[in-house]
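**Student:** Residue-level listing of the chains:
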Amino acid sequence: MAPAQAHDVPVVPDSGIVPEKARGGIGIEINGERFRHEGDPQMPLLWYLRDVLRLTGTKYGGARGENGADLVLVNDKPVSAIAQPMAKLDGKRITTVEGLAANDGVLHPLQQAFIDEDAIGCGYCTPGWLIAGVDLLKRKPQPSDADIDRLPNTCRCGCQTRVRAAIKRAAAGRASQA
Amino acid sequence: MSASNGIALPRRRFLQILAGTAGALVVGVRLAEAAEPPLPPEWLGNHFQELGAYVRIDAEGNVLIGARDPDTGTGVATALPMIIADELDADWNRVSVVQLGLGIAAGANGQPQWTYGRQRGGTGDSIPAAWADLRQAGALARWLLTQAAARRLGIAADRLRCEAGTVIAPDGRRVTYGSLVDDASKLDLPRQAPAPKAPERYTLIGKPVGDVDAHAIVTGHAKYAIDHHEAEALVAVLLHCPWPDGTLAGVDPAPALAVPGVVKVMLLKPEPGQQPGHTVIAPAVAVLAENTWAALQGRDQLKPEWKPGASAAASSGALEQQATALLDGQGAPTTRVRDNGDVDKAGKRAARRFEASYYQPWLAHACAEPMNCLARIDKDHASLVVPSQAPQQAWAVVQRLTGLAPDQIEIRVPRVGGGYGRRLDHDYVAEAVMLAKAVNKPVRLLWTRDQDFAHDWYRSASVHRISAVIDGKRNLVAWNQRVASASALAGRGVPADRLWSSEVLPDQLPAGLVPNYRSDWYALESALPRGPHRAMPHLSNAFAAESFVDEIAHLLREDPLKTRLRLIGDPRMIALKNGGTLDTGRLRNVLQLVADRIEWKNWLRSVNGLGIACWTMDGAYVAHAIETSLQGDKLGIERVVCAVDVGRVINPLGLQGQVAGATLDALSTALNLAVTYKDGQIQQHDWKDYPLASMAQLPDNVEVIVVPDDARPPTGASFLAMPTAAPALANAVFRVSAVRVRRLPLMKEFQRLS
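Residue numbers (the numbering used here), protein chains in the order written: chain A, 59 to 236; chain B, 1497 to 2250.
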């Protein structure tokens, strides 16, 4: 029997693994979960959320989102979801109203304050108020009335005075914990 | 007949309705295909027993209560179940509210039989209607549970009492509703409806209760009609003809069809002979696509050729001229609505006469949730999700267009994103049904905001010309109010001699308080669609009348609160033409309450301006006092107080929200809003053209005073606070600036005058 040749190259069986091709599409993170959009890159985020993911908390307000019903946080900045084509969002982190509560269901203090103040009319524009309010409280933990005056949202039901009270309640709760 | 046979709805159907709501809450969003209601009944289990049409209880004592009226933000989904829960002596913490769909069964001769009686929201009568029959629904369920407990304990039912979901015997033994419900559901129904509780035993009615949908709303899980999907459904978006009476000359569908995802381009036409609200509002081209984005892009490619109708030259400016000419002329009014004493004779003996005209613009509904509808039309079944204020009227539209039997039509009404009267008409339902039938697939119709603004059932503009006669003793002895507007009822099958009734009310203040009183209505013609609008016609009439009273006070050099109190007079009961009663004591009371709260005694010397106004509608009373400031040319609303007397209050927290909300809506409308048209076309297409007030424009707080009044049955309150906010504001603006605003919107007119 011929001795094994020491310099033989070991034979590696074919694993069948092929390197992954570079991925197409647009990768975004929404409420802590990652998604990849391979459709029309010009599709606005609003329709991606509502039609594709069926994440319907973010509401349609109008062609330019002027009433604030479609506000979402993109990398922590409040923006109108209808004005954001998916192409601009690759690698971005998005929070919608569904993502404001903690994973265990504990509400954001502002969500709880909206319940406590009954700061709800028909409720359709409420998600947008929450997104704008959460952003305000992050920038200014103790917002003044003038700060609250600058919220971009509108509401025909007239929830504004109760929203103001809810923002102050959430701010006061935070102050008492600090 | 047993209790479970007593309900008109088959069990399976209730569970479907219920599953629709529960499923939306418990199933994760990205399992949406599976989550779309109705879920199979098996998913929910078979644990709940029925105790009448509105109450379900399981063995653990969990209670489900059905809410029958659509909640457009009025709080009826909370208040109506509260009435039932109190009568049931349920523990509110164990109650879940289920929004009921349209309750319908096949009646005689193919006619529908309404399971829940009237189902309507946002028209101010949900609470009074519920007070008349939902207390009995709760009392019936309690009666059944008490009977079951009596049998089990061997004690007469009338010696048992109920408390927070438990029946309690005189010897202290307690039986929970959960353990009784199985027996209770098998009992025969009583021959006579069990009597509701004595009011002193209420435990929930009158207590502040938060909105039952609040948690779902703040977490984004509340599903409005616009949030509903169905597998295979096509999204439809529309381009309506810019002229309501125009026609489509032609359209090339090819460029739209070339957009990936676009499936079909279709035409919609109004049906001749159909009343407004029952058919398509104007000719339209519909783009149907696999998703909204594709549909919108397809629509962008369309270049329809529209042909104007007879209204091509019409404008809101010309309509106002028509109104002014009518009021300037000596022609007879279309209708003399009310005539007391002799206004003309009183005028001849006048010590002083005074006249003013008030101009109020066209208004849109501007619902946050635009018109939309999900429709699935099969051969023997139609299933719709509709943001409607009146699902029974929606049903009539579906029935006419499909020919289906009453119980083959299923209509679900989730929480509605605003109504204000817009959703009493169902043109958008007709469109969705027509499209779904034509493509043989479910259709998810979406009106984009531009369509929603430009194709509304508007509130007509109006001109109010009021003249008053004051005698030598400074008393108001004659009031002549002449109103020109385009009736909201025109074209709706209402006889010509009743068209005034949407524009002027015979009993509106100060009718009944002035010996010589007359109100005349002059019909304007307009091609613009008109329909019900929040608090109309109180809104426009109160602005004119309560501004005018202030002008009289100024003329008399009198404190306007005093002028009003003199006009109202001593507390007494005055019979109204509509069969009701004006209680001047209650009117005085709300007026005095807001005056005291805002410290009216400072009226003369305050640097800021104080304004006041009062009104009554449908047996309820309201007053506003407002403080305005002026810095340079910048008006500010510093303080707003509103007092209401609505009889018994069901949910004080809900009432506060409605009063504050309607106040802000009325201020926003008065400050900023007007619909205009030119060359027959609406000029408002987006929020920037119809700018609801910003947070900065509105007051930081609305102080709400509720008159305790448990002796009287409850009235509706969702728009009670609308009529007095604008005149109180205009009166306060006059006080601070000496500028009398007689034309709305106020901001624009104030800037023009100052």
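Hints in this document: simulated from the structure, not taken from any laboratory. Warning: the hint list may mix true and false statements.
Subject to a maximum C-alpha distance of 20 Å in a straight line, what follows is the list of computed EDC-like cross-link-like pairs (lysine to aspartate or glutamate) [unchecked claim]:
| no. | chain 1 | residue 1 | chain 2 | residue 2 |
| --- | --- | --- | --- | --- |
| 1 | B | K2130 | A | D205 |
| 2 | A | K196 | A | D148 |
| 3 | A | K226 | B | D2114 |
| 4 | A | K198 | B | D2196 |
| 5 | B | K1703 | A | D174 |
| 6 | A | K226 | B | E2199 |
| 7 | A | K146 | A | D174 |
| 8 | A | K226 | B | D1876 |
| 9 | B | K2130 | A | D207 |
| 10 | B | K2130 | A | D174 |
**Student:** Would you mind confirming whether the straight-line C-alpha gap from K2130 (chain B) to D207 (chain A) stays at or under 20 Å?
**Tutor:** holds, 16 Å
**Student:** If you draw a straight line from the CA of K226 (chain A) to the CA of E2199 (chain B), is it 20 Å or shorter?
**Tutor:** It holds: about 17 Å lies between the C-alpha atoms, which stays within 20 Å.
**Student:** Does K146 (chain A) pair with D174 (chain A) here, judged by a C-alpha cut-off of 20 Å?
**Tutor:** violated, 37 Å
**Student:** Is K198 (chain A) within 20 Å of D2196 (chain B), Cα to Cα?
**Tutor:** holds, 19 Å
**Student:** With the threshold set at 20 Å, check whether the alpha-carbon distance from K1703 (chain B) to D174 (chain A) stays at or below it.
**Tutor:** Holds, at roughly 15 Å.
**Student:** Does the alpha-carbon distance linking K2130 (chain B) and D174 (chain A) stay inside the 20 Å limit?
**Tutor:** Violated: K2130 (chain B) and D174 (chain A) sit about 34 Å apart, past 20 Å.
**Student:** Just to be careful, I want the Cα atoms of K226 (chain A) and D2114 (chain B) compared with a cutoff of 20 Å; is the pair within it?
**Tutor:** At roughly 36 Å apart (the allowed maximum being 20 Å), D2114 (chain B) and K226 (chain A) break the hint.
**Student:** Can you confirm whether the C-alpha distance between K226 (chain A) and D1876 (chain B) stays at or below 20 Å?
**Tutor:** Violated: K226 (chain A) and D1876 (chain B) sit about 54 Å apart, past 20 Å.
**Student:** Has the given pair, K2130 (chain B) with D205 (chain A), been kept, meaning a C-alpha gap of at most 20 Å?
**Tutor:** The given pair, whose Cα atoms are some 19 Å apart, holds under the 20 Å limit.
**Student:** Is the hinted pair K196 (chain A) and D148 (chain A) satisfied, with a Cα-Cα distance of at most 20 Å?
**Tutor:** violated, 24 Å
Going down the numbered hints, you'll see the structure goes against 2, 3, 7, 8 and 10, while the others check out.
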